[in-house]
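Listed here are the chains, written in short residue letters.
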Amino acid sequence: MKRVFAVALGILTAIGGFVDIGDIVANAEAGARFGIAHAWVLVVGVVGICVYAEMAGRVTAVSGRPVFDLVRERLGPRVALANLAGSLLVTVLTLGAEIGGVGLALQLATSVDYLLWVPVIGFVLWAALWRAKFSVLENIFGLTGLVLIVFVIAYFRLPADHGELLRQATHPSPGDGEDWGTYWFMAVALFASALTPYEVFFFSSGAVEERWNAKDLLTSRINVFAGFPLGGLLAFALMLTSATVFHPLDLSVDSLSQVALPAAIAFGKLGLAAAILGFFAATFGAAMETGLSTGYTVAQYFGWNWGKLRKPRDAARFHTVVMAGILAGIAVLMTSIDPIQLTEYTLVFSAVALPLTYLPILVVANDRGYLGDRVNGRLANGLGTVYLIVVLAAAVAAIPLMIITRMGGG
Amino acid sequence: MLIGFDLLDRQILDADGEPVGKVDDVEIEDGTVVALLSGQQALGERIGGRIGRWIAATARRMSEPPDQPPARIPVDLIAEVTSAVTLSVRRELLVDPPLETWLRDHLIARIPGARDES
Numbered sequence: 060m061k062r063v064f065a066v067a068l069g070i071l072t073a074i075g076g077f078v079d080i081g082d083i084v085a086n087a088e089a090g091a092r093f094g095i096a097h098a099w100v101l102v103v104g105v106v107g108i109c110v111y112a113e114m115a116g117r118v119t120a121v122s123g124r125p126v127f128d129l130v131r132e133r134l135g136p137r138v139a140l141a142n143l144a145g146s147l148l149v150t151v152l153t154l155g156a157e158i159g160g161v162g163l164a165l166q167l168a169t170s171v172d173y174l175l176w177v178p179v180i181g182f183v184l185w186a187a188l189w190r191a192k193f194s195v196l197e198n199i200f201g202l203t204g205l206v207l208i209v210f211v212i213a214y215f216r217l218p219a220d221h222g223e224l225l226r227q228a229t230h231p232s233p234g235d236g237e238d239w240g241t242y243w244f245m246a247v248a249l250f251a252s253a254l255t256p257y258e259v260f261f262f263s264s265g266a267v268e269e270r271w272n273a274k275d276l277l278t279s280r281i282n283v284f285a286g287f288p289l290g291g292l293l294a295f296a297l298m299l300t301s302a303t304v305f306h307p308l309d310l311s312v313d314s315l316s317q318v319a320l321p322a323a324i325a326f327g328k329l330g331l332a333a334a335i336l337g338f339f340a341a342t343f344g345a346a347m348e349t350g351l352s353t354g355y356t357v358a359q360y361f362g363w364n365w366g367k368l369r370k371p372r373d374a375a376r377f378h379t380v381v382m383a384g385i386l387a388g389i390a391v392l393m394t395s396i397d398p399i400q401l402t403e404y405t406l407v408f409s410a411v412a413l414p415l416t417y418l419p420i421l422v423v424a425n426d427r428g429y430l431g432d433r434v435n436g437r438l439a440n441g442l443g444t445v446y447l448i449v450v451l452a453a454a455v456a457a458i459p460l461m462i463i464t465r466m467g468g469g
Numbered sequence: 387m388l389i390g391f392d393l394l395d396r397q398i399l400d401a402d403g404e405p406v407g408k409v410d411d412v413e414i415e416d417g418t419v420v421a422l423l424s425g426q427q428a429l430g431e432r433i434g435g436r437i438g439r440w441i442a443a444t445a446r447r448m449s450e451p452p453d454q455p456p457a458r459i460p461v462d463l464i465a466e467v468t469s470a471v472t473l474s475v476r477r478e479l480l481v482d483p484p485l486e487t488w489l490r491d492h493l494i495a496r497i498p499g500a501r502d503e504s
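Residue numbers (the numbering used here), protein chains in the order written: chain A, 60 to 469; chain P, 387 to 504.
Only chain A is shown next, with the shape it has when bound in the complex:
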């Protein structure tokens, strides 16, 4: 049982990255509009985050330094400050969107408008980050989020046209009524969501919270190579079931209730309940991940005390930043902006901020001063370099694609 809980950090990080509110809807929307023609993007994304999270986990376990320490040490205070500002903007907006996502899940269950839930969720979130043990949060929300497996099982219960799905996956193209611009916009958004910067901030800081050291390298690797593919699988299941149910009927998906429909069709009320529970746990988990990440990045940039391993009074600046992050997220939501649209914007901005986060990780993972003989091998360096180029390409393409396609509207 200890082994099962040992991977909770990887699973929670991955769920926050792959099936947070924006991804839940983006994957289902991609499935409805393009079938599973974006399946390869998820594969590329899973491999990419595995490569970099493995490096980040290794650096942190061996040297004790989390990722934002490295960002500042290798990019210097000015560029790191720009990265901090960009990442913080993305993380706080995402945090707002996740709180809204929890609200939408509760709205599905209770029919009470999500905006009424927002202050309650904000308070519960803050209280959890203030009082609850890191490992407890990890285990509850990481493992409950796995209920989304219902979408994997649902696929086998639904009458699917397997030949057609296979054709979509192997011959990626926009299909009828869609164009390459929106196809690539979706691809960039799904890729960026797999590699969002707060995932590596959270994962490496979590490793410090769990007091990993060089002996825990294996734990780190198991977390990476079990957690992220599992997150990718859940994201793929959402795309797949949506492609099965909505794509043949030319229906589009733009709300959380529609995303839950395939599970409801396959399993009735129970399926719907499982889907809502999964949405709730995944979005709340993502809210915790982004909430803590705001504090982690700021504290690590300035060298402050941070983390839940200390009493709050011994990390006053850290807890103040987390609190301010939650309040800012709530303030953004209270403008009544659509939480789902909000994450679509943040994905584009995070695509732009990605290279500044991943370059320092790659550089330090080759530094013997930090890692001794645990530096990158050829495979990690080869893949790391290839992905750095892909990340740069996505960063350059993100804003023009957003403008040309009017946020994927076509």
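Hints were generated in silico from the structure; no laboratory data involved. The beta-carbon is built from N, C-alpha and C at its ideal position, and this holds for glycine as well. A few of these clues could be false.
[What the hints assert, rightly or not] Negatives, chain A to chain P, calculated, CB over 10 Å:
| id | residue |
| --- | --- |
| 1 | R124 |
| 2 | H378 |
| 3 | I396 |
| 4 | L421 |
| 5 | R433 |
[Unchecked claim] Pairwise CB distance ranges (calculated):
| id | chain 1 | residue 1 | chain 2 | residue 2 | range |
| --- | --- | --- | --- | --- | --- |
| 6 | A | T394 | P | S474 | 49 to 55 Å |
| 7 | P | E404 | A | A390 | 50 to 56 Å |
| 8 | A | T444 | P | S474 | 37 to 43 Å |
| 9 | P | H492 | A | A186 | 40 to 46 Å |
| 10 | P | R501 | A | A141 | 45 to 51 Å |
| 11 | P | I389 | A | E237 | 52 to 58 Å |
| 12 | P | G499 | A | R137 | 34 to 40 Å |
| 13 | A | L438 | P | P460 | 44 to 50 Å |
| 14 | P | E466 | A | L329 | 42 to 48 Å |
| 15 | P | E404 | A | A219 | 43 to 49 Å |
| 16 | P | P460 | A | L277 | 48 to 54 Å |
| 17 | P | P451 | A | A390 | 30 to 36 Å |
For this one, chain A is given, so just place chain P on it according to the hints.
Chain P only, in chain A's frame:
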């Protein structure tokens, strides 16, 4: 050792491994480093420009009493330089960071549960 590459911007830890701050700047005399400077004031002055000046000015105003010079750690307190700079003393012996003290006394310590392990 290259100051810019191996020392600046590293995390400073006290003898127990608790974070003290970053090496935000260094003081050099006759070509050797004599002290580490830490805190947002030293950082702001090093970053420069409008943002840097603003960070430094805010930190200067926060300090107790106001307009103190940046916190200075003489090099003979350094025990080891690896991926972090470890000191040979506990942080209670160093100057308390003013922002931490202020936020602790005025906000965080007043919330129930601030003293408990989570």
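What are the numbers of the hints the structure violates, in ascending order? Those not satisfied are hints 1, 2, 7, 9, 10, 14, 15, 16.
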